[in-house]
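**Q** Sequence:
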Amino acid sequence: MKIAMLAPIDRKISPRSRGERERVVSRLTEGLVAKGIAVDLFATADSETRAALISVCPAPPEKVRKQIHGLWECLHISSLFERANEYDLIHNHFGDLPMTFSGLIETPMLTTLYAPPTDETLPIYRKHNGKIFYVSSTDTDRSAELTYVASIEHTSESIVEDYIRVYRDVLKKTAREDHRPWGFYEVLSDREDHKVKRITVYPGKRLSYQRHRRRSEHWHVVAGEAVVTLNGREVPRTAGESIDIPCGAAHRISNLGNRNVVFIEVQKGDYFGEDDIERLEDDFGRN
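Numbering (my numbering), first residue to last: -4 to 282.
Please note that the accuracy of each hint is not assured.
As the list claims (entries may be wrong) - Taking lysine-lysine pairs in the DSS-like style, the calculated list, with each CA pair at most 25 Å apart, reads: (1) K190 with K126; (2) K(-3) with K167; (3) K168 with K190; (4) K200 with K(-3); (5) K190 with K200; (6) K168 with K(-3).
What the hints assert, rightly or not - Computed Cβ-Cβ distance ranges for the label pairs, DEER-style: (7) K263 with E115: 52 to 58 Å; (8) D188 with E115: 32 to 38 Å; (9) T116 with C242: 55 to 61 Å; (10) E156 with S184: 40 to 46 Å; (11) A218 with P176: 19 to 25 Å; (12) Y266 with T150: 52 to 58 Å; (13) D41 with Y109: 20 to 26 Å; (14) D271 with T142: 38 to 44 Å; (15) E156 with A110: 19 to 25 Å.
Hints were generated in silico from the structure; no laboratory data involved. Think of the CB as a built atom: it goes at the ideal place given N, C-alpha and C, for glycine as much as any other residue.
The whole structure should be built from the sequences, with the hints applied where relevant.
**A** Here it is in structure tokens:
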């Protein structure tokens, strides 16, 4: 599970934050990281976190002109949406503005509401009701016009565990064929005699050790540093390098680095179905 945590930029995120949202984001983010869950925190650059911090705004723009503040907000939000497909789920603490762009992405979004929507913002929440998953802080702090998946008190000692349960429920409801425990892929071409995928492997993850009976493959690394295992032999590959996987050869690719590995996989043969995968070893218990 990889979570994108979208924080507001009015204040920095830290365990000592003054604002309620900032305190909740910090507590939840640090708790998830402590449990081994991958989190990218989108916040101001002066924020304090053990998660991977991604920022375009160097510090809270609270003293600049209002219109400049709005520009920083747009840059902040777009920095996440431009890479939304890297995540299993987006947890939005920012408010209503990011929701207006949710139709442009496939990654499920969860929004925590810190108060019921106002008359001015309710149309946005109503439009995305049932598409974006809403969480309130209490059962009484809700709008009767919206559907909520949970109520999680911000001071609860079980806030991390409660949100993990919600995350898993959302991911179960929105399960995507192109996402895997090790990363995700995009099909670029699918024809009778070939299939081409753009595959991303998360840091520390690897695909199953497997072989195919009815197709060969050619891998070209686009980004990152990979280790390819081919019939028991380990072959390092970096951006710009390629390797051929003959039909029947046992193979896997591993990401031992700290950034995503991206490679293009070209399959050639007469059949490209999932049942032509013979898994010899798998980190996730798949057959």
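**Q** For each hint, tell me whether it holds in the structure or not.
**A** Hint check results:
Of the pairs offered as hints, the one joining K190 and K126 is violated, with about 31 Å between alpha carbons and a cut-off of 25 Å exceeded. The suggested pairing of K(-3) with K167 holds, with an alpha-carbon distance near 14 Å, which does not exceed 25 Å. Our distance criterion of 25 Å between C-alpha atoms is broken by K168 and K190, whose separation comes to about 28 Å. For the hint pairing K200 with K(-3), the CA-to-CA distance comes to about 12 Å; that is within 25 Å, so the pair holds.
Of the supplied pair hints, the one linking K190 and K200 holds, its CA atoms being roughly 23 Å apart against a limit of 25 Å. A C-alpha spacing of about 16 Å is found between K168 and K(-3), which places the hinted pair at or below 25 Å, so the restraint holds. The hinted window of 52 to 58 Å between K263 and E115 holds, with their beta carbons roughly 56 Å apart. Look at D188 against E115: about 56 Å separates their beta carbons, and that is not inside 32 to 38 Å.
Roughly 57 Å separates the CB atoms of T116 and C242, a value that falls within the hinted 55 to 61 Å. Separation of E156 from S184 is about 43 Å and conforms to the stated range, judged on CB atoms against 40 to 46 Å. The supplied range of 19 to 25 Å is met by A218 and P176, whose beta-carbon atoms lie about 20 Å from each other. Take Y266 and T150: their Cβ atoms lie about 56 Å apart, and the range 52 to 58 Å holds.
Range check, D41 to Y109: about 22 Å between beta-carbon atoms, so the 20 to 26 Å window is met. A C-beta distance of roughly 41 Å is found between D271 and T142, which places it inside the suggested range of 38 to 44 Å. Restraint check, E156 to A110: a C-beta distance of roughly 24 Å satisfies the suggested window 19 to 25 Å.
Consistency with the previously given hints fails for numbers 1, 3 and 8, ordered from lowest to highest.
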